[in-house]
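What follows is the residue order along each chain.
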Amino acid sequence: MRVLRVLVALSVLQLLGACAPLEPWVKPYEREHLADPIMALDRNPISSDYLDHVFGTREGAHGATGGAGGGCGCN
Amino acid sequence: MTLRIAALLACTALGSLPGAAGVLPEDELDAMYHRYDGGGVVVQGPSVLIRKKIGDNFSVSYNYYTDMISSASIDVLLSASPYKETRVQHSASIEYLHNKTTYSATFIHSREPDYIANTSIFSLSQDMFGDLTTVTMSYSRGWDQVFRDIKLSDGAIVNDPTFAQRADHRTYGVGITQILTRNLILSLNYQALTDQGYLQSPYREVLYLDPTQPKGYGTASQVYPGTHTSNAAAVELKYYLPYRAALDGSYRYYTDTWGIVAHTLQLGYTQPWKHWIFDGSVRYYKQNAASFFSDLFPRADAQNFMARDRELAAFTSYTLGVGAAYDFQIPRVPWIQKNTLNLRYNHLMIDYSDYRNALLINPQAGVFAGEEPLYRLDANIIQLFYSLYF
Chain A
1 MRVLRVLVAL SVLQLLGACA PLEPWVKPYE REHLADPIMA LDRNPISSDY
51 LDHVFGTREG AHGATGGAGG GCGCN
Chain B
76 MTLRIAALLA CTALGSLPGA AGVLPEDELD AMYHRYDGGG VVVQGPSVLI
126 RKKIGDNFSV SYNYYTDMIS SASIDVLLSA SPYKETRVQH SASIEYLHNK
176 TTYSATFIHS REPDYIANTS IFSLSQDMFG DLTTVTMSYS RGWDQVFRDI
226 KLSDGAIVND PTFAQRADHR TYGVGITQIL TRNLILSLNY QALTDQGYLQ
276 SPYREVLYLD PTQPKGYGTA SQVYPGTHTS NAAAVELKYY LPYRAALDGS
326 YRYYTDTWGI VAHTLQLGYT QPWKHWIFDG SVRYYKQNAA SFFSDLFPRA
376 DAQNFMARDR ELAAFTSYTL GVGAAYDFQI PRVPWIQKNT LNLRYNHLMI
426 DYSDYRNALL INPQAGVFAG EEPLYRLDAN IIQLFYSLYF
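So the sequence lines, in the order shown, correspond to chains A and B. Under this note's numbering, the very last position in the first sequence is 75; numbers go up by exactly one each time. Under this note's numbering, the very last position in the second sequence is 465; numbers go up by exactly one each time.
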């Protein structure tokens, strides 16, 4: 039982060690390309929300695309 | 006389600038005109969005959106009459930024003559690991009221007083946006969606073989299950090319308790040039049919659940898209930081595998029910919008 407690304590310490601050491998001054507007995952949310709505009302699948909407499917 | 098919999707706010979460969106005014034209249906209207920061921690936005619908689709021609109507949607949202966490709450109200939908969405985003990672969680809840329009003897269209149904929707979402290298971003999203209540159209009908009818088929109301659970998972990668341009690719896998499995694949390319940004995209979508779908049932009441909605049929679609955005300044208006004029065009092509064009059934000409050509849909989708950042 004591061995088990020691193992649990060591495991907890190991986990805590894993929570040490992570060193960013892409430094803030290396993010020039990522900050370019052409790298935005969704540059025009109003436009992509509309297209999600168009597709969502004509397809069986929806979700996981970040879109929002509601209302008609417009026969 | 419309049908609401799409469940109300959660706004996960994952589309913002990667690596810059923990920053409230810019103050902006968007005005858009949108038009969908295909399969005998024209849907067009305006959309206006205004977003404004309040202090350093809050941002509020409001969106007004309208669909003006003129429909003579194959479904309408088969079981009803062409119609025109308008759907209006109001959305209000508030975001609160605290350190590296953004909390967001949105309410959406949509109203059309025979459908009212209310949706609440909550989400939170957290930056971590030196702002290389953004984790987002979201929850949405939707309450819908479904009515059915009828035509009176004097021609007036009113809600059927004997018909009022409800549908509820819940969405649970989790996402992660990860900076992988100085040129590459990864986004992962997962959503679980549950719907219950009246999930079918009160207008559309199934067809079944009936030799006693002149055309060889009879019609009956659809019967959908009262519950629906879906799972959708998506992965997206975006890469900054060695010259100033970006390439992106995404894949989504979808499955639900109605037996639909769908795959969505999209590739995009972005090329800036002086004050312009040009986009091109190709989208591929494929799904199989729901387990209770049939284009033509062998007899009336052939099974417990029966549907003939095109959205539940097996089909493959391709969408080709191009877009151009032009950035410009207005002289002597210093409070406007930037203006952008956007034009986007998409062409949608759907080939159905088991949904036939029943309008072409003509036994006298030798075209019997079940032997008519498969249905095909082509649509043009246009968006013209102006964005003003202040």
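No lab work stands behind these hints, which were simulated from the structure alone. Hints may contain errors.
To be verified - Pulled a few chain B residues facing chain A out of the computed Cβ check, cut under 10 angstroms:
1. Tyr111
2. Ser122
3. Lys127
4. Ile260
5. His350
6. Leu395
7. Val397
8. Ala399
9. Asn414
10. Asn421
11. Asp453
12. Ala454
Claimed, not checked - So, partial list: chain B residues that the calculated Cβ filter (under 7 angstroms) puts toward chain A:
13. Asp105
14. His109
15. Gln297
16. Pro300
17. Thr304
18. Ala308
19. Ala309
20. Ala321
21. Gly324
22. Ile335
23. Leu340
Unchecked claim - Covered, in the sense of this in silico footprint (three residues per stretch, anywhere, with C-beta under 8 angstroms from a C-beta of chain A), are these stretches of chain B:
24. 204-211
25. 227-241
26. 261-275
27. 424-435
28. 455-465
Treat the numbers as computed from the prediction; the structure is a model and nothing was measured. Note that the Cβ used here is the ideal one computed from N, Cα and C, for glycine as well.
Hints versus structure:
1. Tyr111: 6 angstroms, holds
2. Ser122: With Cβ-Cβ at 6 angstroms, under 10 angstroms, it holds.
3. Lys127: Violated - the Cβ of Lys127 (chain B) stays beyond 10 angstroms from chain A, reaching only about 15 angstroms at its closest.
4. Ile260: 7 angstroms, holds
5. His350: 12 angstroms, violated
6. Leu395: Violated. Min distance 13 angstroms.
7. Val397: 13 angstroms, violated
8. Ala399: 12 angstroms, violated
9. Asn414: 14 angstroms, violated
10. Asn421: 7 angstroms, holds
11. Asp453: 12 angstroms, violated
12. Ala454: 8 angstroms, holds
13. Asp105: 5 angstroms, holds
14. His109: 6 angstroms, holds
15. Gln297: 14 angstroms, violated
16. Pro300: 14 angstroms, violated
17. Thr304: Interface hint status for Thr304 (chain B): violated (11 angstroms vs cutoff 7 angstroms).
18. Ala308: 6 angstroms, holds
19. Ala309: 4 angstroms, holds
20. Ala321: Where the cut-off is 7 angstroms and the nearest Cβ of chain A is about 5 angstroms from Ala321 (chain B), the hint holds.
21. Gly324: 12 angstroms, violated
22. Ile335: 4 angstroms, holds
23. Leu340: 12 angstroms, violated
24. 204-211: holds (count 4)
25. 227-241: Violated - the segment 227-241 of chain B has 0 residues with a Cβ nearer than 8 angstroms to chain A, which falls short of three.
26. 261-275: Coverage by chain A holds here, the residue count being 5 at a Cβ distance below 8 angstroms.
27. 424-435: violated (count 1)
28. 455-465: That given contact holds, which follows from 4 residues of the segment 455-465 of chain B lying within Cβ reach (below 8 angstroms) of chain A.
The structure does not agree with the numbered hints 3, 5, 6, 7, 8, 9, 11, 15, 16, 17, 21, 23, 25, 27 stated previously, though it agrees with the rest.
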